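Required output: the full structure, derived from the provided sequences and hints.
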Amino acid sequence: MKYQPPHALQPVSTHYCAGCGHGVAHRLICEVIDELGIRERVLAVAPVGCAVLAYDYWNFDVTEAAHGRAPAVATGMKRCNPDKLVFTYQGDGDLAAIGAGEIVNAANRGELISVFFINNANYGMTGGQMAPTTLLGQKTTTSPAGRVARREGWPMKVVEMLTQLDGVAFAARCALHTPKHIRDAKRAIHTAFVTQMQEAGFAIVELLAACPVGWGVTPIQAIELVEQQMIPVYPLGVFKQASSPVSLPS
Amino acid sequence: MAGNHALAEGAIQAGCDAYFGYPITPQNEIPEYMAARMPEEGRVFVQSESELAAISMVMGAAVTGKRAMTTSSSPGISLMQEGISYLCGCELPAVIANVVRGGPGLGNIAAAQSDYFQAVKGGGHGDYHLFVLAPASVQEMFDFAFWAFDLAFKYRNPVMILTDGLIGQMMEPLTIREPSWPRATPVSFDARDWALTGAAGRPPRSFKSLFLGDGVLEAHNAKLQAKYARAAATEVRYETVATEDAQLLLVAYGIMARVCRETVDRLRARGIKAGLLRPLTLWPFPTAWLAAHAAQFAHILVVELSCGQMVEDVQLAVQARTPVSFYGRAGGGIVTCQELTAVAIERLGIKETS
Ligand SMILES: Cc1ncc(C[n+]2csc(CCOP(=O)(O)OP(=O)(O)O)c2C)c(N)n1
Ligand code: SF4
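So the protein lines, in turn, are chains A and B.
Numbering of the first sequence is given in my numbering, commencing with residue 385 and proceeding in unit increments.
Numbering of the second sequence is given in my numbering, commencing with residue 21 and proceeding in unit increments.
Please note that the accuracy of each hint is not assured.
[Claimed, not checked] In silico lysine to aspartate or glutamate, EDC-like type, Cα no more than 20 Å apart, as pairs:
hint, chain 1, residue 1, chain 2, residue 2
1, B, 243, B, 255
2, A, 468, B, 359
3, B, 293, B, 255
4, B, 293, B, 210
5, B, 247, B, 147
6, A, 523, A, 583
7, A, 468, B, 213
8, A, 468, A, 583
9, B, 228, A, 440
Hint data in this document are derived by calculation from the structure and do not stem from the laboratory.
Please read all numbers here as calculations on a predicted model, not as lab measurements.
In structure tokens form, the structure reads like this:
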């Protein structure tokens with residue numbers, strides 16, 4: 385079978401490091417957009433983080449947002465353009481730290497947007513600093529002795545938190561490190577868009593992603609770390625699904 | 021009608037598609053009015069979770085070509101500086117009103133003009149300018165909303181209406197009709213050839229303020245500066261009162277321009293030839309008028325409800341051709357005509373024997 389990149393993805397090479405989760409996440413989102421036939425209706429918000437240049441890779445309309453404010457920008461876009469499909473793409477520093485207020489309130493208002501949340505347990509772009517999602521004991525450039533709960537708090541479980549809010553219609557956590565996990569992630573991304581198309585409420589998919597460079601390991605080791613260290617702290621699955629049943633692509 | 025309501029209704033009549041805001045005194049009448057009126061018009065109203073979010077919601081609406089607006093008062097406007105810098109960097113139209121209150125910090129809720137520097141000099145990061153408009157009546161609160169959307173779309177740049185709690189709360193008669201002056205022309209609100217509308221039948225579009233390539237940001241900044249220079253050459257608006265034969269020039273904007281206008285009459289009644297320059301645009305500033313006329317006055321007195329901010333722009337324009345001095349109050353007190361008349365006489369060095 386010949387490799388066909390999705391039409392929603394620009395035929396360019398990206399700046400992501402080898403083994404980085406961002407490229408896989410981009411591809412899955414773009415495949416789903418193609419399959420749903422919605423490319424011409426999509427308006428996206430790129431984050432401040434390693435994916436800041438996403439507008440150079442995606443073949444649909446994209447705006448930048450200030451660091452963490454993507455859900456507020458998406459709110460303005462969607463409220464003014466209810467016929468469009470609006471999504472944000474955000475890292476864990478962007479969404480869980482500086483943008484915590486925006487994501488919680490957009491979710492609580494039940495904004496009809498889809499959020500793709502890349503949890504790579506650190507700040508990739510600025511050089512591997514600690515994020516709210518950094519694991520206990522994980523060494524980063526700003527937790528050089530390893531994250532200690534009493535000093536730096538605990539890994540933040542975003543999807544579990546947002547699941548409590550009535551505005552949230554779909555919340556899932558997936559991973560991107562094996563073909564099986566990638567298939568599950570694609571299904572969740574699909575449901576997140578369908579949730580928006582059905583106007584059922586706010587949808588978020590957290591994607592556990594490798595950041596070999598930020599973690600200071602090889603791509604192979606990074607895959608093992610996702611499986612052995614991240615998943616036990618961040619359990620996978622669909623946490624909430626309030627939208628009507630959807631038929632998944634086979 | 022009250023000034024804040026006039027501004028809100030003016031924005032609606034000017035075609036505002038979406039309003040986003042967070043409560044803060046003394047401008048709560050605006051979001052409250054919008055919460056009722058915008059849905060009536062089938063338009064968008066969202067109470068945001070913060071001013072950081074409000075200005076980002078404005079940006080989200082603006083990237084899709086909509087006429088978007090937010091309002092706040094000083095502490096809230098400080099939070100909006102992040103988004104304002106992005107709006108300028110991305111060249112997006114937006115209208116922001118600051119119903120200024122006393123500062124710094126939480127200050128108080130009395131009328132003030134102490135956010136002039138923040139509005140005019142760029143309170144956020146980077147080399148940018150906002151258009152800054154200073155209404156002085158309830159009617160102008162209404163009229164300037166039209167002008168603000170004109171400028172925002174003509175130059176694709178945010179516009180700030182800089183007013184204060186007194187004008188915001190003040191009741192005056194209002195004529196509701198489309199104003200003919202001051203306006204900016206030509207302007208098109210048709211955003212289809214630049215906005216994010218979905219990449220149907222055209223290549224994708226994006227808005228960004230990140231320019232990493234060699235020399236690209238420099239070129240972008242040069243483009244912005246050329247736009248600001250064009251605007252400065254065409255959009256300055258001001259009013260003069262009795263300046264032709266004046267020895268003393270008062271310079272004031274907004275609420276203080278009203279007090280100064282009355283002071284001009286009082287001074288003239290006492291045989292002192294006073295006049296007033298009232299900038300309607302604080303950016304761009306009537307620098308050229310001041311430079312051309314400064315030499316004719318014996319003294320220029322700048323009056324503000326601050327510790328002295330606009331006075332620096334007057335000094336820059338006058339270039340020491342004429343003595344410039346400042347009088348103001350900051351923190352809640354209003355400068356009265358009586359007070360100002362005495363100050364003017366003292367600054368002119370006139371010994372009165374009454
Ligand atoms: C207001 C502001 N503060 C800080 C930064 C610097 N900064 C850029 S990206 C980033 C963190 C990004 O980390 P994350 O969201 O986890 O995304 P990743 O790079 O890991 O994909 C920070 C702190 C900024 N651009 N703006
Ligand atoms: S630093 Fe990490 S998140 Fe950023 S591109 Fe490299 S691997 Fe990806």
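Hints, verified against the model:
1. B/243 <-> B/255: 18 Å, holds
2. A/468 <-> B/359: Violated - the C-alpha atoms of residue 359 of chain B and residue 468 of chain A are around 59 Å apart, more than 20 Å.
3. B/293 <-> B/255: The hint is violated at about 30 Å.
4. B/293 <-> B/210: This hinted pair is violated, its Cα atoms lying about 49 Å apart.
5. B/247 <-> B/147: Holds, at roughly 12 Å.
6. A/523 <-> A/583: Violated - the C-alpha atoms of residue 583 of chain A and residue 523 of chain A are around 42 Å apart, more than 20 Å.
7. A/468 <-> B/213: Since the Cα atoms of residue 468 of chain A and residue 213 of chain B sit roughly 17 Å apart, the hinted pair holds (cutoff 20 Å).
8. A/468 <-> A/583: 11 Å, holds
9. B/228 <-> A/440: Given that 20 Å is the threshold and the Cα spacing comes to 11 Å, the pair holds.
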